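Chemist: One-letter residues, chain by chain:
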Amino acid sequence: MAKKQPDKQDLVRVSPLLPNEGDHIIDYARVHLVERKALSAIQVLSFTGKHDKAAKAIGKALGIDCPIEPGHCRSDGKTQIFWNGPNSWMVVASDVECGRAAGELFATLQDAVSNLGAVVDQSHGRCVLRLSGARAREVMAKNTAVDLHPRAFGAGQCALTSIAHMNATIVQVDDTPTYDLFVIRSLARSFAHAIEHACHEFAEETAAG
Amino acid sequence: MSQQYRTGSGGQIDRKKPIRFTFDGKSYSGYAGDTLASALLANGVHLLGRSFKYHRPRGIQTAGSEEPNAIVELREGARKEPNTRATCIELFDGLVANSQNRWPSLAFDVMAVNNLFSPLLSAGFYYKTFMWPVSFWTNVYEHVIRRAAGLGTASTAADPDFYEQCHEHCDVLIVGAGPTGLAAALAAAETGARVVLVDENPLAGGSLNSENHEVAGMPGDDWAAQVAAQLQSMENVHLLLRTTLFGYYDHNVVAAIEKVSDHLPVPPKGHPRQRMWTFYPRRVVIAAGATERPLVFGNNDKPGIMLASAARAYVNRYGVKPGRRAIVATNNNDAYRTALDLHRAGVTIAAVVDSRAHPEAPLAAELAKHSIRLITGRTIGAAEGRQHVTRALIVSTQGETIDPERIDCDLIACSGGWNPNVHLHSQSGAKPVYDDAILSFVPGQSRQAEVSAGAAGGSFALRECLKQGRAAGIDAARQAGFKADKASPVIKAHDDGAYAIEALWISPTPYNKPYKQFVDQQNDVKASDVALASQEGYDSVELLKRYTTQGMATDQGKTSNVNALAILACQRGEPVPQVGITTFRPPYVPVAMGVFAGHTVGAEFMPVRRTAIHDWNAKQGAVFIEAGLWLRARYYPQKPGDTMNDCYLREAEATRNNVALVDVSTLGKIDLQGPDAAEFLNRLYINNWLKLPIGKARYGIMLREDGMVFDDGTTSRLGENHYFMTTTTANAAPVLAHMERYHQVEWPELDVVLCSVTEQWTGIAVAGPNSRILLEKVIDIDISNEAFPFMAVGDCQMNNIPGRLFRISFSGELAYELNVPADYGEQAWTELLEAGKELGVAVYGTEALGTMRIEKGHVAGSELDGRTTAQDLGLEGMANREKHFIGKQNSLLPALLDEGRLQVVGLKSLEPGRNLRIGAHLVDPNVQIGSVSPSQGHVTTTTYSPQLGYGIALGLLRDGRSRYGEQIEAVFPLDDEKLRVEICHPVFIDPEGELVRG
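Residue numbers (this note's numbering), protein chains in the order written: chain A, 265 to 473; chain B, 30 to 1027.
The hints are simulated quantities; they were obtained by calculation from the structure and are not laboratory data.
The structure presented is a predicted model; accordingly, all values stated were derived computationally and were not measured.
Incorrect hints may appear among the rest.
Stated by the list, open to error - Here are the simulated BS3-like pairs of lysine-lysine, each with C-alpha atoms no more than 30 Å apart in a straight line:
1) K301/A / K648/B
2) K720/B / K866/B
3) K314/A / K648/B
4) K342/A / K301/A
5) K806/B / K866/B
6) K314/A / K725/B
7) K521/B / K648/B
8) K320/A / K342/A
9) K806/B / K725/B
Said to hold, decoys possible - Coverage of chain B stretches by chain A, computed from C-beta distances (three or more under 8 Å per stretch; other residues unrestricted):
10) 293 to 301
11) 700 to 706
12) 784 to 790
13) 843 to 856
Positions of the beta carbon are idealized from the N, C-alpha and C atoms, including for glycine.
Working from the sequences, and respecting the hints, build out all of it.
Modeler: What follows is the structure, given as structure tokens:
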């Protein structure tokens, strides 16, 4: 990137979802769907034979153990690192929440990883929806074949799979359950629509169920 | 009087909740808990429809999903649903149903004349009767047959409801919540296993709801309700009622349909009408029960004739007397309880007719106790009555009966024995085997992780069902890895007697008259059709099925298949097992197509990919075109009445003469990094990549292994070990997959990593002679021709937006492509438009893009059709034959280098005002349309060139490159069109490429 620092005042990240959709896409008593906006999503791909070293470098730079085993996610509550393939991780955080400038996480990782792997900015390429509530698991069951039963899948786990016929990543955040769902930007509206649709059955419920 | 056949008390109906409904325009009442069938029977209505072929009056044969006869059109308007089984329709207030396959009315049906012509409609009648003349088949016969042999009519309005799909994994899946299934579920659940229990009824209990059984010291239905409640309260159990398991697939995947809202007038808001479940169980326990089969006697299809078990279900579960004076006919022990239950409810039992000479003494004694007449060694030869049975003719099972006894009745409850429901077992790939003890098929060797228990396994006694269910539940849980030490104790039940049966597959007919003895009542297949098929040589089960249509109706022959097989065996003089059994296939019950589609219908048939500039495009009124899943702006109407031609000509001219923007975000973008990235590219592309300088882009061609061109695009070197590839929109995913495969499988030694960054970037092409002037206003780097020449690449800031600029051109004009992070895409686009206002900047869509690429002779998808080589495309000069690359070996095969191959050429229309047609064939101009002239090639893409002022095209033509200047005819026989064209070089304008370098 060019050296000139962007004037952050004028730069507004536009969500791929419809602009008039508020923060809460679905806000029912027992299921909620919100978009996690303006995230940094940095993909790290380790070079041949550098996987463990890259993991250590990332862990050291962010103060979070980088998951080596497939299907896992680590988080310090603000920054998530999830397994994204045999030689790949995705590091995700809200810059605002972390008090970082835009591009800072990318730069931090680039410094840390250096010649151990490639660091690729995907921040604008992903839409992230957070689905939570007592009914979240049932909503997910309508769109994905992944077994999300607590015995099979819990907080700290992730799955690269298909949701409503779209490639997506599921990261379980907590046992509410809360899921972060990652989909490519261009599919954001179709994806959100499918999840929304699956929530409507629970519209009339009260908190007590 | 309303509901004159309702018993005073008993049954699982709520007499405090009356429900109004309409059948064939007449209003009736029933109670909550009724089915449409039970409510109609309570009102004395037995005639529900007309049969498929002969239009014979038909009533209710069963009380379950196996029903062949009582099929009706449910609901009206857009929700109208034909071929719905009245025995499965839960009554709701305001329900409207109509009989089908009759005209003008159910009682007087003109087509019943078919009954008289039945000799013409025997087995295989389609093949015999409608042979001649051949041309009549589609024009006359098919039309008439379809109308005559209808099964109701579907609504043509759009379905107002939605359907959805759901997935669930479990340790043990239990099919059927009857005594066996409940016992299995309880036992499996107590081990802690994840249990799913499905049942097609709205109530758990299965047969317990229809019988007077006692389980665990309480009425069977109470026990079932109690166990169901217990199961429902367990966190590891999912009990799904109104859910029918209809398919057993490979890898132990099974599918079910849940009728979420079918029992309601309309689905509650946000709820689907039906939901399809896909289950992934470790073990399956099939506790699907058994289906009773009818007796095959003359006129056995008359309303008022039903299965013995159905009569019990109506009287016990629904509190309905299915008649006032009944005959119970049987060849086994089971039907005796029908006589006793009907008797207890106040139905007169005219006689129990047992075909066996010596039924078991206790059964006879029980009847005697209630003074019920028992006739042994005889059976019903035929029934009489017009639209309802009025009399039965009793014949001897041994030889001819001179003078059959006539017994008046309005109900015949018959039982020909029980068939275990082996459908799912068979669907799983296993082969059911014949069991002589019960004269039916039972599950054979399992092929998948399934076991049948209880009646589904051929054990009909209640105690045995409970015992087997429990054992199967424990066993399944154990095999799924759970310990069963806390499993529930054996459930006690009363002894409902052993099952015993003697074969009676077909009744002798009185006076040897040719009574119609129906086997498959839904498809109107008679015993005589089976015999005829056999005589004509169609005597294997598979042939019989197809020749007679036996078992091919929507009920899939649930009540009729075994009878048909046995009758065929009698014909062939062989035992039943010798004849074999057809394979059962999903779905077990009819499943609406809509539920398979789920919500992926209409606009949601496929997900849609939108670029960051989509909303701006939409606001401008752009007309979109689908490109894979993408929606791309095709052209931009500026005023009402603007046609596509108006728009693309204007947009192309603006680009050629001034400056215009196009959204190219959909191009595939792949990030490659690593010490061996250059080597990787060098093996992938046909041209050289080892010496591309940093900050430069290069056009590349990649081949498939077979030597055909796969894809093209530019790749830029961003850093020492960092490259950025673009692919065509269509091949973005296939190219990445191709690269991943080579990376992972063929060349693991190359240290390179790949990932798609298509989504990260918005791509905006700024094209036209004034593009530099426009960009200079907003870009922070020097983009003069010296500092930023053709094929230069560099990071930049556009106003305050970080981006990357490429000096590449698809239009052939001086052009740049700006990539910015997608969330800033619309802002970058509008800022460029703002900056270009005084220049008169325009926007263009894919149509103008296509026009300009044809003018420039750039090949694209229509030429890269998987059959063209680099040489065919005129790009062979790019290949470096000194190195290895994918497809090199095959591209050198003589057949790919031969003369006579189709080569890319340009084509000019020689007729003013006329354009070429895509797909038109290029033929010798001296040949007349209609005569045979070999195609020498075809037109791949066409446009009108605003620059040149005539129609131009690209085409693939035999030896085209040596034929420039020749004239040829482009013919389009579909529309009888032909056009004289001139063959030329494919680059129409600026052949030296001076504009892009200027």
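Chemist: Mind listing which of the numbered hints don't hold for this structure, in increasing order?
Modeler: 2, 3, 7
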